[in-house]
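Asks: Here are the chains, one letter per residue:
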Amino acid sequence: MPRSIERAEVQKLAGGRTRFVEVLPAREYEKNHLPGAIHLPLRQLETLARPTLDPARPVVVYCWDSG
Amino acid sequence: MGFVEVMDYVDGKLDWMAAGLPTEGKNAGKPTAGSIARHDSPTCELSESLGEVKKRVRAAGWDSCVVINSERVVLGMMGKKELTGDPELSIERAMRSGPSTYRPFVPIGEMAHELVDRDLPIAPVTTSDGRLVGLLKREDALRAFHEGRAQRRDDSAAMAS
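As they're listed, the protein sequences go chains H and V. Residue 183 in our numbering sits at position 12 of the first sequence; the count goes up by one each step and never skips. Residue 150 in our numbering sits at position 121 of the second sequence; the count goes up by one each step and never skips.
No lab work stands behind these hints: they were computed from the structure. Where is the CB? At the ideal position from N, CA and C, for every residue including glycine. Wrong hints could be hidden among the right ones.
[Claimed, not checked] Per label pair, the in silico range of CB-to-CB distance:
id, chain 1, residue 1, chain 2, residue 2, range
1, H, GLU217, V, LYS55, 26 to 32 Å
2, H, LEU184, V, LYS84, 42 to 48 Å
3, H, ARG178, V, GLU176, 45 to 51 Å
4, V, VAL39, H, ARG228, 18 to 24 Å
5, H, GLU201, V, ALA187, 38 to 44 Å
6, V, LYS84, H, ARG178, 32 to 38 Å
7, H, ASP225, V, ALA88, 36 to 42 Å
8, V, GLU176, H, SER237, 31 to 37 Å
9, H, PRO196, V, ALA179, 31 to 37 Å
10, V, ARG67, H, GLN215, 39 to 45 Å
11, V, ARG87, H, SER237, 32 to 38 Å
12, H, GLN215, V, ARG122, 51 to 57 Å
[What the hints assert, rightly or not] Restricting the straight-line Cα-Cα distance to at most 25 Å, the calculated cross-link-like pairs of lysine-lysine (DSS-like) are:
id, chain 1, residue 1, chain 2, residue 2
13, V, LYS166, V, LYS110
14, H, LYS202, V, LYS109
15, H, LYS183, H, LYS202
16, V, LYS55, H, LYS202
17, V, LYS83, V, LYS109
18, V, LYS84, V, LYS110
All chains should be built: construct the whole structure from the sequences, respecting the hints.
Replies: As structure tokens, then:
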């Protein structure tokens, strides 16, 4: 179960070892994404996460908002 | 999935952009409702009296105020007209309920058109769950829009030469 975090912690993690993953559609990702974030669409997250991400590095996943 | 740690930034990209933090992508750095909105606008609550709110709003150099609850959810607006009412009235009775609110990521050009077309001098900018991000003034939106247009013209001229 992912641990919920807020903006202050995200800012601390940015630029470090943590990988950021945006799960929104490609069009949204292309417009704006968090610095250094990669794009893994939600529908393909399960299949793409393993080959794309290093399991030894922490991961922050995000979409638009909590809604 | 066997990852050392997976975290969920629950408030997401909207929260990040609403805070004016940097992004990457083709729209990065372009002004939006959230980046141009003023974050120091006065606020008031339902139980306050119009008289005390008016004093506070004027002292802060404003002529309008956003009515919010304890979670900063926007409930109404006190514009110029509403602030001239009976000072004994409660904000709950004096305010304009249910104002149109705008999301922080709306491009400033779109916002400028909206505020002109609907003749709105100000507009509250909120998160999708209605929490106040800031107050966008029409004059600020128009200025940012025209500055952006001038910048794009300069960039095109520089590329052409």
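Asks: Work down the list of hints and note, for each, if the structure agrees.
Replies: Consistency of the hints with the structure:
1. Checked against the hint of 26 to 32 Å, the pair GLU217 (chain H) and LYS55 (chain V) passes, with Cβ atoms roughly 28 Å apart.
2. The hint said 42 to 48 Å for the Cβ distance between LEU184 (chain H) and LYS84 (chain V), and at roughly 44 Å that hint holds.
3. For ARG178 (chain H) paired with GLU176 (chain V), a C-beta distance near 28 Å fails the hint of 45 to 51 Å.
4. Between VAL39 (chain V) and ARG228 (chain H) the C-beta distance comes to about 21 Å, which sits within the given range of 18 to 24 Å.
5. GLU201 (chain H) and ALA187 (chain V) have their C-beta atoms about 25 Å apart, which leaves the hinted 38 to 44 Å range violated.
6. Taking the beta carbon of each, LYS84 (chain V) and ARG178 (chain H) are about 34 Å apart, inside 32 to 38 Å as hinted.
7. The supplied range of 36 to 42 Å is broken by ASP225 (chain H) and ALA88 (chain V), whose beta-carbon atoms lie about 55 Å from each other.
8. A hinted range of 31 to 37 Å holds for the C-beta pair GLU176 (chain V) and SER237 (chain H), which are about 33 Å apart.
9. Under the hint 31 to 37 Å, the C-beta atoms of PRO196 (chain H) and ALA179 (chain V), about 33 Å apart, fit the expected range.
10. For the pair ARG67 (chain V) and GLN215 (chain H), the supplied restraint of 39 to 45 Å holds, since their beta-carbon distance comes to about 40 Å.
11. A hinted range of 32 to 38 Å for the beta carbons of ARG87 (chain V) and SER237 (chain H) is consistent with their spacing of about 37 Å.
12. For the hinted restraint 51 to 57 Å between GLN215 (chain H) and ARG122 (chain V), the CB-CB distance of approximately 53 Å keeps it satisfied.
13. For the hint linking LYS166 (chain V) to LYS110 (chain V), the alpha-carbon distance of about 16 Å falls within 25 Å, and the restraint holds.
14. For the proposed pair LYS202 (chain H) and LYS109 (chain V), the alpha carbon gap of about 37 Å is over 25 Å, so the pair is violated.
15. With a CA separation close to 24 Å, the supplied pair LYS183 (chain H) and LYS202 (chain H) stays within the 25 Å bound.
16. For the given pair, LYS55 (chain V) sits about 5 Å from LYS202 (chain H) by alpha-carbon distance, which is consistent with the 25 Å threshold.
17. Pair hint LYS83 (chain V) plus LYS109 (chain V) holds up; C-alpha atoms about 10 Å apart against a cutoff of 25 Å.
18. As the CA atoms of LYS84 (chain V) and LYS110 (chain V) are separated by approximately 15 Å, the hinted pair is consistent with the 25 Å bound.
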